Amino acid sequence: MSTPNQQTTTLRLASGNGPITRSILPHPPRDALPSELPIISLAPLFSSSLHDRLQVAQQIRQAATTNGFFYIKDHQISSSVVQEAEDAAFGFFRGPTEEKARASMHKSLYKYGWKPPHTQRLNPFESVDHRESFSWRYDPRYDPSVSKVEEIPEEVRVMIKHDPDDYPWSAVDPAFKAAIIRYFQAVLQLGRVLQRAFALSLGLQETAFDSKSRWPDLGMAVNYYPPLSMEDSEKEQKKGDETKVSIGSHTDFQLFTILGQDEVGGLQVLSRSGQWLNAKPIPGTFVVNFGDYMQRITNDKYVSTVHRVQNYSGKERLSMAFFFGFNLNETCKVLDSCVEEGVGPKYEAISCWEWTQRRVKMMHDVKGKGSY
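The opening residue of the sequence shown carries number 1 in the working numbering; numbering runs sequentially from there.
If you are wondering where the hints come from, they were derived from the structure by calculation, not from laboratory data.
None of the values given here were measured: they were computed from a predicted structure.
Do not rely on the hints blindly, as some may be mistaken.
Claimed, not checked - In silico DSSO-like links for lysine-lysine, alpha-carbon gap of 30 Å or less:
hint : residue 1 : residue 2
1    : K333      : K301
2    : K301      : K177
3    : K346      : K212
4    : K161      : K148
5    : K161      : K177
6    : K244      : K212
7    : K111      : K315
8    : K148      : K212
When you get a sec, could you build the whole thing from the sequences and use the hints?
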């Protein structure tokens, strides 16, 4: 908690709910305490006992209403699936530029595929993002729960966009595709388990979100971060435009994110008091955080937390981020269970399609005054 004699700086950024600001304490990032970023075992979620699953839901609610970030373990994703995906990703990013360029986002109708260095900037008030990435969005052909794409309702199917000829997958090594898709499918299954736990944590029926995310609007980004120089780290005392970042300060805009990160570290989470916290890698875990849409439908009860990456480790770093949202044809309003007596909804109902379009636009609109 800041005190009157602590001079804070102001961080400006966009969110799905409009431009926002955050006050930053004048302290360097420190390692998060277990109470700030707890580790939650998901083992009880796979139990037949509702009582056991509710216990996990309660832990999630506690994390969601504090810093909005937590680790999960006992998630039933094999370490070999994670390791093979990491190895394949490193192989791709370490490869020749001309090979990566075959899957360039510039050849995609929707900017899927490889994004070269210095082509992304999540926060215009910080440096360009020092990373490369490979990203794409939901394709039901790679969803094991979809037996026939033709059976998806037309109103949903027309909103699911992907390039012809299976691009960008048709432009990469088949081994890379196989390892990354295998990881994607495992995390997709985990996401559907988590969404039921989130429903329970909000006092809803466990299956309340199932139909809303049958063909979810989701995306995945594999991010490769070369190390920032130590000379740049000395500039960290200067904020605003001169803040050097691997990925700029931002909030995620979907319901929730499942992040796999290697052992290098660099993820930083902004606490409610304005302190940057290091979310250090913990073997066998994923990091989970809530996005703007979850904050919206929970009437600000669940926190969409600002975070960034600064890789000053001297080593290359890899992360795999999975963003989970509702079907694009859904229209969602503030949940009744999140509206207290005498306090109305803070947000109007909005379609998921409109939400994604608004968020993309607001990513470039951080000059407004904003509000906390």
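Looking back at the hints listed earlier, which ones does the structure fail to meet? 2, 6
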